[in-house]
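J.: Here is what each chain is made of, one letter per residue.
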Amino acid sequence: MSEKLTQRKAWDIVLDKLTKRSLWMLHYCTGCGAIELPPTMTSRYDMERFGISAMVTPRQADILLITGYLSVKTLQRVILTYEQMQAPKYVIGFGSCTINGGMYWNSYATIKSLDQYLPVELYIAGCMPRPEAIISSFTELIDRIGRGEANSWQDYYDNYDFYKKNQEHVFGEINTYVDIKDDKVKFGI
Amino acid sequence: MSTVLWIIFYPIIAFAIGVILLGYGRKFNARVQRRYGPPIQQVFYDILKLMSKRTNISHGWMHDTALVMLLGGTLLTLYFIPVPGFDFFSGYGDFLVVMYILLIPSLGMALGVGETANPNGSIGISRALQMLAGYDIPFALTFIGMAILAGTTNFSEIIALQQAEGIFGWGLMTNPFLGVAALIALHGMMGEKPFEVMVAPHEIATGPMTEMGGKYLGMMMIQHALNVVIELTIYINLFLGGAANWASYLVKLFVLMTLILSVNALFGRFRVDDAVRFMWKVPLVLAVIGVLIIIL
Amino acid sequence: MVNPIMLILIPLLTVFLINLVNIKWPKFSAGLSFLAIALTTGMAFTLLPEVMQAPIEVVIAGTKAPIGINLLIGPLGLMLSLIILVTSLLVSMYSFSYISDERKGMYSGLFLLLIVGSLGMVMTGDIFNLFVFFEILCISSYILVAYQRNEHSLEASIKYLLLGSIGSLFLLISIAILYRGLGTLNIADIAARVGELPPSTRIAAAAFFTIGIGVEAAIFPLNSWLPDAHSSAPSSISAMLSGFVIEVALVVLIKIVFSLFAFAALFWLLAVVGVVSLLIGEFAAYRQENIKRMLAYSSIGQVGLILFALSLGTEAATRAAFLQIINHAAAKSALFLVSGYMIIRTGSYQIADYRGIARRMPVSGFVFFLAVLSLVGVPPLFGFFSKFSIVMAAVSSGSTGATVLTGLVLLGTVVEAAYFIRVLQHFYQREPAKAVTAARSERGAGAESSIEAPIAAMLPVLAFALFLTGGVLLLGSITGLADAAVQDLFARLVSVLA
Amino acid sequence: MLTEPVALMLLLSVAGVVLNIILYRLQSLQMIVSFLVFAAMLALNLQLYGTIGETLVLPVVVFGQAMSFAVSPLAFYFTLMITSITLLTVIFSLESLRGKACTQAYYLWLFLKTFGMLGVVFAADLLTFFLLWELMTWGTFFLMQQTGGESFSPAKKYVVYAVSSSMLLFLGIALIHAWTGSFSFREVAAAFPHMPEGMMLLVVLLMTVGFAVESAMFPLHAWLPESYASTFTSLTSYLSGISTRMGIYGLILLLFGFVGHELADRFQLIGVINLRYIVSIFGALTIIIPTFTALFQHDAKRLVTWHGIGQGGYMILGIFSANALGIAGGIFHIFNYMTYVTLILFSIAAVEYRTGTSNLNKLGGLIKRQPVAFLGLLFGIIGLAGIPPMNGFVSKWFIYKALITEGYPFLAISAIIGTLGTILSVYKLIHNIFLGQLQPEYNEIKEVPFLMQLPIWVLMLAVFATGVFPGPILSLIAEIQSSFGLAPVPYTMTGVDPAAGTLDMLVITTVFIGGLLLAWIVFLLGHKRRHVSQYQNYAAGHFLDESIPYNFNYNFYTGFEHIFNPMKKKVIARTEVAVSSLVEAAGDYLRRIYTGNLATYAMYIMAALVVTSLFLKELI
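Note that the protein sequences, when read in sequence, are chains G, V, X and P.
The first sequence begins at 1 in the numbering used here and counts up by one.
The second sequence begins at 1 in the numbering used here and counts up by one.
The third sequence begins at 1 in the numbering used here and counts up by one.
The fourth sequence begins at 1 in the numbering used here and counts up by one.
Okay, chain G solo, but in the shape it has when bound (with noise of 0.2 Å):
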């Protein structure tokens, strides 16, 4: 990661403080967690401000909010989301539940870790986290693109075979018509 730091370009070093302005953020949401994105979006906490806003589909989206838990069958969704954003995509995992399982940690049916899965740029701790907090992320977020550390998704091209071996092991084999691998070469990743 440092090794790419500081590879970076002085014309990588000005779009990046520029386009950490903007970030469009394709919430997740199965989980109880979605109740905080409405006052994280309107005027009380207005997350436009920062550039911020809501995207419908993954194409448009830089952000990959993940709000609560997942199952084995959700988390089937979350990974062909996540292959279908155009990269640099960002994933964030939202209350303890994509962190440890939360409540859900011993149920069958639910992954406990995000991190095996996806690469996760940021988590936001608690249950549930104030929209306080989910600010604070993005805020944290904004400073590490700008200072170009914020490179999580280039962990998903380079060890793809963990990722998907982990994915396997859940839910066996799926297919999203993208090949990852093949993405880093042609787009040199």
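Don't take every hint at face value.
If you want the footprint, here are the derived chain X segments under chain P, 3+ residues with CB under 8 Å [to be verified]:
1) 218-227
2) 284-295
3) 404-418
None of these hints come from the bench; they were simulated from the model.
For each residue, glycine too, the CB sits at the ideal point set by N, CA and C.
Once you have looked at the hints, place chains V, X and P on chain G.
T.: Just chains V, X and P, lined up with the frame of chain G:
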């Protein structure tokens, strides 16, 4: 020489104005909703980010070509609409030409979205085209009415005629029916609420933009910024007496934009058939009255 | 020089000969009648140059007009004779194979009598002879209609007989009125002196004459026997009846009206009646499912058209009517003859049963197609030119009434095209009807093989078709003959009486 | 003798008919011979340009009238279209119909029809005109039912319409002859103004309606869509490309050749509303109603044939606009329409050739398999919708401009409404065939063979080239206008003379290409892109694969269906049914006159006797 400079720099200027107008729109909307809102240059950040995405996917060569056609067609339209100090091309194509080259971007986008093979996209295009038929009929009728009133279809001549008589020579003043009809149609043309059926993020996942990401979406946003300028300028040229200088041009742009944004901020969304019905009832009838006044 | 009397005598004598031959060698009767007709036809053609110069008058029984019996052969008579003879020559050739039962001899004799009657009607210059030949014509056709001896044909024949008798009676009454008033039977004499009669007598004579001969000429509403008779006669006879018999009666009617009863009002009446006939015929044919009835109704329509053209009373219109008579003789005969073998092959009269038949009877189908197009008036077939000239003539006459009637005639054409095209499309459908699949010819073979009519039957049909297509090339000479006939007819017209 | 090409062309087309009869069962020979003959005809046609103004009198005399032919500029314009499009159709058919059953008579009728059309166009007298007109309509009838079966019933409908129209023309021509005493165009034109006013009006009405049927003008258009769509697609293109436009030829001839504008304006009804204006209103309805009917079609061919009707309305609006630009636009639109509609239908035929269907609900995504056909359709629909830089725009622009200049806002707006409707339905066309999801059953299909691609490429070039450089065609049209004594259109090589209007297609195209280049540079500024499978697609997290049909094509314009469904009254179809059942009822009723009862029959005779006697007595 200055023409060459204009040809080179005009798209950039128009792009800047468009970005500011869109940013102004988002800010305006936020303030109506009692939010702080993004900075006024936010759209510029968005475009920059989208253009700098590392991975881009496309569903085929028409998908790629579509974006080129979209932006290329918009640039074409841009050149043919006179603005203060630059109406080099309006002598080669009148506003009948403009009306039809305005369709090139739509067609390009429609083809590209079609190739993405996403049903949401196709539904979006279906709605967009139905809306096109909705707003373009009254808009075209106001075009025709103004042309008959002015005795010409050439933009510069119409502007000159309006400016000759000061504010009372404006199209909006000489024939308020046409002016109002065109204003409502313009609202539909800009796709602002309540005529936002084509995008409708909550129903059809932003419709045409569903499969657009990265630089594809970026180019669409560039085109959108230019398009806002084009559409507002057409209205200004036809009904607000054009603009004698850049100051008045910008003032007119922002006033018109504010008007449209205020309506936008207040409404929800029509269903597509209701939107079209509205277009064929209110503005079309107004336009017919206006035209009848002119020819009788 | 050939004596025109031979035209009548040869067939008449052959009738007797046939009856003799028939006792021992019934097979030869058909051949004999064919030879007789061929001979007569040849003679008629040799008369052509002479008649074009001047009409020939033949006196029989030594006494001159106005007392004697005489024949007067002008171009009009000769033209009609040629139509009669050529049509019957071809039809008799068709009959070789078509009429195959043991009553051949009777058929051939009656067939010749029918020709004698028709020829006599067009050639006679004497109004009572006209009646005699008219009766010969009628009686032979009554019997021929009943030839098939089934329920339908017998009923049709009885109806035809009774109605025809009323017609003959009226004709006779008319002749009696004229003879009583003028004491002469020679048409030329009557024409010269008809003015001497009081108007009411003339009106009575005209009305009786028109109605009397109108029954045979199938003018509406006197044509009620026609659909039955024409559809239940053998197809060869239908071809004759539709092809020339009604037209001959019609021309004779017009000839007499021209010479004796040239009332303007009568012309108008006949023109209107002609158009009404046309419309009724065409509309009624539109709904027919039985092919021969459809053709019969179509004949009513065509006769209406001819009557309309004839009664316009201008030279151009009359010439056009003659062309149309020729066209109708060729086309309608071809249609009846073709449908004859279709009926034999499928055993059905229903058009629905002929679906796809043209693929198994390609030549018949093609001839039907040509004949239909010619009747409708499609260029470059003969029918186009006849219909074209009728309309041009009608419109050129300049009166509003004639123009309106022309419009109705054209409406009739549209209906005609509609029902004929329906039949044609039926013939050319891809999936054949059950009756067509089941049809077998005497040559045996399977469901895909040709069930075309025998060559002897196809040759005359092809001749008609050839005339319809190639007739255009003869148009000049035909028009020449028709022109002479028109002159002949108009020479009789002294003046139209208001 | 400079008119030799005319005689040779007519002779060649007759020879084509004869050769095809001789070679009835030898399909490959038929194909080669037909191709050669049509190629020779096109070559002759090009020679014809030098002979404009010459007259040819055939030694064939019909009713004392020698058949005469003349090469007017209008005739040259039309024959150029006829021969070139026929040649392309034949080239296309060489491959597309090879080995198909029931095509023995295909080239035969094609030659007959071409002969009819050439004759109609060359005819210099009304008799020749009408004779060949009839031949032409029957040629159309036979071409329509080449596929047999289900094409028979629409073809029958056509016959009823066509015969009715011929009969109207017939009556009109007969009246003209009766009043002017001549068939020759020149003499008729000279004598026409001296006819009595009422008669003139009657003749004009009869002939206008007659030609309107053939050019499928609303409300007499109902025969067209079914009958054209149910034959071979290559014929659909031929028929809708040029055959329907013979009606427009007739209208041009009637309006400019005989009646003349001054005369046409004399038939005033109320105020400014004259006959010309009324025809224009029907032209406007012809644009709007069929175009919006096309929107809801589920079959590609039927959709395009409905547009064929709609586009005729533009020609009528243009020709009847009494404005040099408008007339030129109307005439130019005939050419443009022919090029792009043939292109569209050839592309559809190419798809049908591979997939075997033209059902818009069953296709999709074929752009990946048949890119040439897609490009052909794309160029075609841009032309049809009238979007620059294709040729359809230029002629439509002329028409709009003329209507605005003449002060007919509502006619102009109906033209624009038609264009909008067209955009909607052509997008549906291209979307449902080429865009969207590729159906698994069409995964393996290939592009069509070269011989079928060739006409598509040629037409694409034509559509684009005449759009950017309309000058050459406009020069022909200016000649046509001068030959009728009208003001010629002020054209330049790339548009209109600046004095008359503001249009320069070359500048527009150049700027457009510049814009495209700029946009392409912007496109290249971003990072690389990759082409992905159609199943890598947003479906709200759902996994897509071949088993899931997710294409959006059925009821494409649902909103409009909500709006228009209550308006679909099917008035014309119901009228047709009413008329045909009226005829049937009349037939039934009239048939009952013949009761079969002898007493009734005898009574008829008595009644006839009485009526005749009374009638004669009253009138004498």
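J.: For each hint, tell me whether it holds in the structure or not.
T.: How the hints compare with the structure:
A stretch counts as covered by a chain when three or more of its residues have a beta carbon under 8 Å from one of that chain; for the segment 218-227 of chain X and chain P the count is 5, and the coverage holds. Counting residues of the segment 284-295 of chain X whose CB falls under 8 Å from any CB of chain P gives 5; the rule of at least 3 is met. Coverage of the segment 404-418 of chain X by chain P holds in this model, with 9 residues showing a Cβ closer than 8 Å to a Cβ of that chain against a need of three.
This entry satisfies every hint, going by the numbered hints stated previously.
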